[in-house]
Amino acid sequence: MESNNYLLMNISILYRCGQKYYDKQLSDYDINAGQLPFLILIYENEGISMQELAVRGCFDKGTITKSIGKLEDAGYVRSCASTTDKRVRLLYTTDRTKDIISKIYLIRREWWERLTRDMSASECANTEALLDALTEKAKQYDAMEDEKEIKLFGLQKLTLLDYPQKMASTIFTGGCNMRCPFCQNADLVFLNENTSQIPTKDIIAFLKKRRSVLEGVCITGGEPLLNDTLESFLRTIKELGYQIKLDTNGSYPKRLKELVEKKLIDYVAMDIKNCLKRYPETTGIHNFDVTPIIESAAYLMEDHIPYEFRTTIVKELHTLADVQEIGKWLKDARAYYLQGFVDSERVIQKGLHAYDAQTMKQLQEAVIPYIANTQLRGL
Numbered sequence: 002m003e004s005n006n007y008l009l010m011n012i013s014i015l016y017r018c019g020q021k022y023y024d025k026q027l028s029d030y031d032i033n034a035g036q037l038p039f040l041i042l043i044y045e046n047e048g049i050s051m052q053e054l055a056v057r058g059c060f061d062k063g064t065i066t067k068s069i070g071k072l073e074d075a076g077y078v079r080s081c082a083s084t085t086d087k088r089v090r091l092l093y094t095t096d097r098t099k100d101i102i103s104k105i106y107l108i109r110r111e112w113w114e115r116l117t118r119d120m121s122a123s124e125c126a127n128t129e130a131l132l133d134a135l136t137e138k139a140k141q142y143d144a145m146e147d148e149k150e151i152k153l154f155g156l157q158k159l160t161l162l163d164y165p166q167k168m169a170s171t172i173f174t175g176g177c178n179m180r181c182p183f184c185q186n187a188d189l190v191f192l193n194e195n196t197s198q199i200p201t202k203d204i205i206a207f208l209k210k211r212r213s214v215l216e217g218v219c220i221t222g223g224e225p226l227l228n229d230t231l232e233s234f235l236r237t238i239k240e241l242g243y244q245i246k247l248d249t250n251g252s253y254p255k256r257l258k259e260l261v262e263k264k265l266i267d268y269v270a271m272d273i274k275n276c277l278k279r280y281p282e283t284t285g286i287h288n289f290d291v292t293p294i295i296e297s298a299a300y301l302m303e304d305h306i307p308y309e310f311r312t313t314i315v316k317e318l319h320t321l322a323d324v325q326e327i328g329k330w331l332k333d334a335r336a337y338y339l340q341g342f343v344d345s346e347r348v349i350q351k352g353l354h355a356y357d358a359q360t361m362k363q364l365q366e367a368v369i370p371y372i373a374n375t376q377l378r379g380l
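At position 137 of the sequence shown (counting the first as 1) the number is 138 in this note's numbering, and the numbers step up by one without a gap.
Hints are computed from structural coordinates only; laboratory data are not their basis. Incorrect hints may have been included.
Unchecked claim - Restraint ranges, calculated between C-beta atoms of paired labels, are given here:
#1 Thr292 to Gly35: 36 to 46 Å
#2 Thr85 to Cys18: 41 to 51 Å
#3 Gln52 to Lys255: 11 to 21 Å
#4 Pro165 to Ser233: 25 to 35 Å
#5 Lys255 to Ala373: 26 to 36 Å
#6 Leu135 to Asp304: 43 to 53 Å
#7 Thr117 to Gly35: 18 to 28 Å
Unchecked claim - Result set (PhoX-like, lysine-lysine): computed pairs, CA atoms no more than 25 Å apart in a straight line:
#8 Lys87 to Lys71
#9 Lys152 to Lys264
#10 Lys152 to Lys255
#11 Lys202 to Lys278
Quick reminder that beta carbons are idealized off the backbone N, C-alpha and C, glycines included.
Use the sequences and the hints to build the structure in full.
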């Protein structure tokens, strides 16, 4: 993951580099980058209250109190009680501020010139407009209602492979609690801020139109059970008459049980990453707790619902002894699939390899004494 094309990272870099610049330029004035926005706002709005500062700059009370206190101690700002409401403190700049404010404006201007050097006038204007628009959206955050709609990032309109014996569509959720090196959906694990989201209403509209053709819907990810809003989404799909298959890594046994008991899923495919002792290495998570995995697998093996276990076999991560250990752990499971690893540009870790078909057959034969219905897939 080499790209830095993330809003969070870019803003962080801009902030930290700007802070270094301002702290250096302001070192002679007993003021730092953190206090500068307050000083400028007060100078341009003499008599502004702390409450108005909070609204204009989206500052929290603690930050305002700390910064204003430092500006007062340095002699740049004074405060006094409002004549109409003694509880309100009004803020004013002092003569010391007026002596340096023109230099501060020049320092601020120089930073903008550094950032926009070699940019055309139209590029600068577009950048300013974009920043203004993003800022206004960000300022609306506190006023936003909590969004209860599930986040969906992919739709395969037709699959004859994902749902056994059914024509289906596959829907992709985003986010995962694992970082499996061989994962084919790195974009859904390391979810970029600019990843295109598919509106739920568009997917529901598609499923309504395809009811005469499709029989099932596969929900995959990422890890679907990460989503608090999954249940209501599944309920909507159920109301359309579809059978639902859920792909999961087994990390959320409680949610899995709830969906089964509420009859919101009809088939579960649980990924078994490796034998239990190699889960940390195979999931990319140090000190990974396998307790939920064991619980989910045990629950499925009680046969509350049709299910399968499956393992993507990677040469660097799985040995014959490992798959035998899986067989012993999941002894007498309903179905177990050994899937061949397929390399691609979307894989999290480069340089991994698949076994040849003959070796995969040997792995299958090593598991069959424990799980009779062990099959190969994707060779």
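So, going through the hints one by one against the coordinates:
1. Remark: the range hint 36 to 46 Å for Thr292 to Gly35 is upheld by a beta-carbon distance near 44 Å.
2. Our hint of 41 to 51 Å for Thr85 and Cys18 holds, since their Cβ atoms are close to 43 Å apart.
3. Checked against the given bound of 11 to 21 Å, the beta carbons of Gln52 and Lys255, roughly 44 Å apart, lie outside it.
4. Checked against the hint of 25 to 35 Å, the C-beta distance between Pro165 and Ser233 comes to roughly 26 Å, which is consistent with it.
5. Between Lys255 and Ala373, the C-beta spacing of about 30 Å keeps the proposed range 26 to 36 Å intact.
6. Taking 43 to 53 Å as the suggested C-beta distance range, the pair Leu135 and Asp304 conforms, at roughly 52 Å.
7. Between Thr117 and Gly35 the beta carbons are some 24 Å apart, a value that agrees with the proposed interval 18 to 28 Å.
8. Simply put, Lys87 and Lys71 have alpha-carbon atoms about 22 Å apart, close enough for the 25 Å limit, and the pair holds.
9. For the proposed pair Lys152 and Lys264, the alpha carbon gap of about 22 Å is at most 25 Å, so the pair holds.
10. For the hint linking Lys152 to Lys255, the alpha-carbon distance of about 21 Å falls within 25 Å, and the restraint holds.
11. With a C-alpha separation of about 42 Å, the suggested pairing of Lys202 with Lys278 is violated against the 25 Å cut-off.
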